[in-house]
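Per the numbering used here, numbering through the sequence shown is continuous, rising by one, with the last residue being 462.
No wet-lab data here; the hints were simulated from the structure.
Worth double-checking, as some hints may not be accurate.
Under the rule of at most 25 Å between Cα atoms (straight-line distance), these lysine to aspartate or glutamate pairs were calculated in the DMTMM-like manner [as the list claims (entries may be wrong)]:
id : residue 1 : residue 2
1  : LYS279    : GLU202
2  : LYS300    : ASP273
3  : LYS300    : GLU111
4  : LYS85     : ASP100
5  : LYS299    : ASP177
6  : LYS450    : GLU401
7  : LYS457    : GLU401
8  : LYS450    : ASP394
9  : LYS460    : ASP394
10 : LYS239    : GLU202
11 : LYS300    : ASP441
12 : LYS220    : GLU202
13 : LYS140    : GLU175
14 : LYS411    : ASP394
15 : LYS133    : GLU222
16 : LYS239    : GLU268
17 : LYS300    : GLU268
18 : LYS299    : GLU111
19 : LYS450    : GLU413
20 : LYS457    : ASP403
21 : LYS85     : GLU111
22 : LYS430    : GLU401
23 : LYS453    : GLU421
24 : LYS460    : GLU413
25 : LYS457    : ASP427
26 : LYS299    : GLU268
27 : LYS220    : GLU147
28 : LYS460    : ASP403
29 : LYS299    : ASP108
30 : LYS140    : GLU222
31 : LYS140    : GLU296
32 : LYS430    : ASP441
33 : LYS450    : ASP403
34 : LYS133    : GLU165
35 : LYS299    : GLU175
36 : LYS133    : GLU111
37 : LYS279    : ASP252
Derived CB-CB ranges, DEER-like [claimed, not checked]:
id : residue 1 : residue 2 : range
38 : SER227    : GLN271    : 17 to 27 Å
39 : GLU263    : TYR186    : 31 to 41 Å
40 : GLN185    : VAL132    : 28 to 38 Å
Yeah, the Cβ is synthetic: ideal placement off N, Cα and C, and Gly gets one too.
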Amino acid sequence: MKLHLLNDQSQSLQQFDGQGVVPADSAEPISCLVINGTRCQVLGAQMPVKQARQIIKALPFALEEQLANEIDNNHIHYIGREGALAYALVIERDVISHISTQYNPDSVQYLPLLLPQIEQGVCVCILNDVANIRISKFEAMSVSPDILSHVLENLKTEAHGIVEFYDLDNAHSLLPLEIENLGFEVQQPDPSQLIKAIQGASVSYQWNLLSGEFAKKKVVTSTKQSKLKTPLMIAAALLATVFFAQLIQMKQYQQMSALVSDASKSFYEALFPGESVRSIRRQFKDKLDEAGGGPVSSAGFVSLLASVTTDINPSNVEWDAVRFTRSKNELEINLIVENIAQLDTIKQQLSANGLVVDITSATNTGKRIKGVLKVSKNG
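With the hints as extra help, turn the sequences into a complete structure.
Take a look at the structure:
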């Protein structure tokens, strides 16, 4: 299998040979495409949960502060957990979409994670003026060769005292001396060993960036063993008939759920024009996502929020946080008000509209009062 290399800055396409890379045949189909550059990266974040499904849902928000742009603009692929840290491959959604459409590869892999893991050290490969670094199973990065010495200096510990160095560009002869001056033991094996290691790792590579919406759909080939016999075809037809109506109902529900979600988001924007508190926006989005998993009752999150907003509208009332307990159909609202009397007035107005309201706390923050209201509907 030929291994193709995509340099993400120049968008030039190459393929690996015995000692390095050579120009690729543009007419040849691509099975495995390796990204070389800084537009893909490995990020890690503290993650208290351990189940993979929960990590995948929480990881984008845990990485939010490390991202250069909004979460929705990034394709985040969870690769594993080590200790309390969870790691993910991150690439801009537009970039991976273009790669998938333009080259139609079976897999897209990240070059630093294909480099060998060095016992008590790190592996460095300079290729097309990009320094790729493999630190551990999940830790890897791509940087400019100009800052390689600085990056390695920050990595130097007793557990990382060796640098296995490969310069496939043959243009950075002084770097090994700079790295030695930092106190590393520098090893420079034959480049052919590295190429074989990269090609071998690509075969068993488990972190294919073509995941989720970008996963390539496999075409099922027909064989003698896979051809259905007449009885099996009849059974399949009967089974399809039984579930056909249910499938139509599910499709209709999904369409309705999408409409409800879009309408609810528009409603939220109308409630909080110009709102910039990310925690409130995130909580609201989570509740909409939960509502998408099943019918929304009349006492649900959106319904309760709509009921209280009309009475909590003075300009001197600040919304601080919103939480919803689905099992109790109970909305908890954190407000910052002028005084206790104003908080009690809001409670009385909500109660007059048929809501059950309790003031669970009221804390003096100095100049204003931070109050917490719990709101539910009668019945």
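The hints, checked one at a time:
1. Under the criterion of a C-alpha separation no larger than 25 Å, the hint pairing LYS279 with GLU202 is consistent with the structure, at around 18 Å.
2. Taken as a hint, the LYS300 and ASP273 pair is broken in the structure, with Cα atoms around 39 Å apart against an allowance of 25 Å.
3. With a C-alpha separation of about 20 Å, the suggested pair LYS300 and GLU111 falls inside the 25 Å cut-off, and the hint holds.
4. A hinted pair counts as satisfied when its Cα atoms are at most 25 Å apart, and LYS85 with ASP100 qualifies at roughly 9 Å.
5. Taking the CA atoms of LYS299 and ASP177, the gap is about 16 Å. The hint holds against a cut of 25 Å.
6. This hinted pair checks out: LYS450 and GLU401 have alpha carbons roughly 13 Å apart, not beyond 25 Å.
7. At most 25 Å may separate the alpha-carbon atoms for a hinted pair to count; LYS457 and GLU401 meet this at roughly 16 Å.
8. Annotation: proposed proximity of LYS450 to ASP394 holds, straight-line Cα distance about 23 Å (limit 25 Å).
9. Of the supplied pair hints, the one linking LYS460 and ASP394 holds, its CA atoms being roughly 15 Å apart against a limit of 25 Å.
10. Between LYS239 and GLU202 the alpha-carbon distance is near 14 Å, which keeps this suggested pair within the 25 Å criterion.
11. For the hint pairing LYS300 with ASP441, the CA-to-CA distance comes to about 53 Å; that exceeds 25 Å, so the pair is violated.
12. Of the pairs offered as hints, the one joining LYS220 and GLU202 holds, with about 11 Å between alpha carbons and a cut-off of 25 Å not exceeded.
13. The straight-line distance between the Cα atoms of LYS140 and GLU175 is roughly 18 Å, inside the 25 Å bound, and the hint therefore holds.
14. Straight-line distance between C-alpha atoms of LYS411 and ASP394 comes to about 22 Å, which keeps the hinted pair within the 25 Å bound.
15. At most 25 Å may separate the alpha-carbon atoms for a hinted pair to count; LYS133 and GLU222 meet this at roughly 19 Å.
16. The straight-line distance between the Cα atoms of LYS239 and GLU268 is roughly 11 Å, inside the 25 Å bound, and the hint therefore holds.
17. Our distance criterion of 25 Å between C-alpha atoms is broken by LYS300 and GLU268, whose separation comes to about 46 Å.
18. A C-alpha spacing of about 18 Å is found between LYS299 and GLU111, which places the hinted pair at or below 25 Å, so the restraint holds.
19. For the given pair, LYS450 sits about 29 Å from GLU413 by alpha-carbon distance, which is inconsistent with the 25 Å threshold.
20. Between LYS457 and ASP403 the alpha-carbon distance is near 14 Å, which keeps this suggested pair within the 25 Å criterion.
21. Distance hint between LYS85 and GLU111 is fulfilled; the C-alpha atoms sit about 10 Å from each other, no more than 25 Å.
22. In summary, the hint linking LYS430 to GLU401 is supported, as the alpha carbons are separated by about 15 Å, within the 25 Å threshold.
23. Note on LYS453 and GLU421: the hinted pairing holds, with a Cα-Cα distance of about 9 Å set against a maximum of 25 Å.
24. In summary, the hint linking LYS460 to GLU413 is supported, as the alpha carbons are separated by about 8 Å, within the 25 Å threshold.
25. The straight-line distance between the Cα atoms of LYS457 and ASP427 is roughly 13 Å, inside the 25 Å bound, and the hint therefore holds.
26. Using a Cα cut-off of 25 Å, the hinted pair LYS299 and GLU268 is violated, with the two alpha carbons roughly 43 Å apart.
27. In summary, the hint linking LYS220 to GLU147 is supported, as the alpha carbons are separated by about 23 Å, within the 25 Å threshold.
28. Distance check on the hinted pair: LYS460 and ASP403 sit about 22 Å apart at the alpha-carbon level, within 25 Å; holds.
29. Between LYS299 and ASP108 the alpha-carbon distance is near 22 Å, which keeps this suggested pair within the 25 Å criterion.
30. A C-alpha spacing of about 21 Å is found between LYS140 and GLU222, which places the hinted pair at or below 25 Å, so the restraint holds.
31. Taking the CA atoms of LYS140 and GLU296, the gap is near 15 Å; set against the 25 Å cutoff, the hint holds.
32. A distance of roughly 7 Å separates the Cα atoms of LYS430 and ASP441; the hinted pair therefore holds under the 25 Å criterion.
33. At most 25 Å may separate the alpha-carbon atoms for a hinted pair to count; LYS450 and ASP403 meet this at roughly 16 Å.
34. Using a Cα cut-off of 25 Å, the hinted pair LYS133 and GLU165 holds, with the two alpha carbons roughly 10 Å apart.
35. For the given pair, LYS299 sits about 18 Å from GLU175 by alpha-carbon distance, which is consistent with the 25 Å threshold.
36. For the hint linking LYS133 to GLU111, the alpha-carbon distance of about 42 Å lies beyond 25 Å, and the restraint is violated.
37. At most 25 Å may separate the alpha-carbon atoms for a hinted pair to count; LYS279 and ASP252 meet this at roughly 17 Å.
38. A hinted range of 17 to 27 Å for the beta carbons of SER227 and GLN271 is consistent with their spacing of about 20 Å.
39. Distance hint check: the CB atoms of GLU263 and TYR186 are about 40 Å apart, consistent with the given range 31 to 41 Å.
40. Between GLN185 and VAL132 the CB atoms are about 37 Å apart, so this pair conforms to the stated range of 28 to 38 Å.
Of the numbered hints given earlier, the model fails hints 2, 11, 17, 19, 26 and 36; all others are met.
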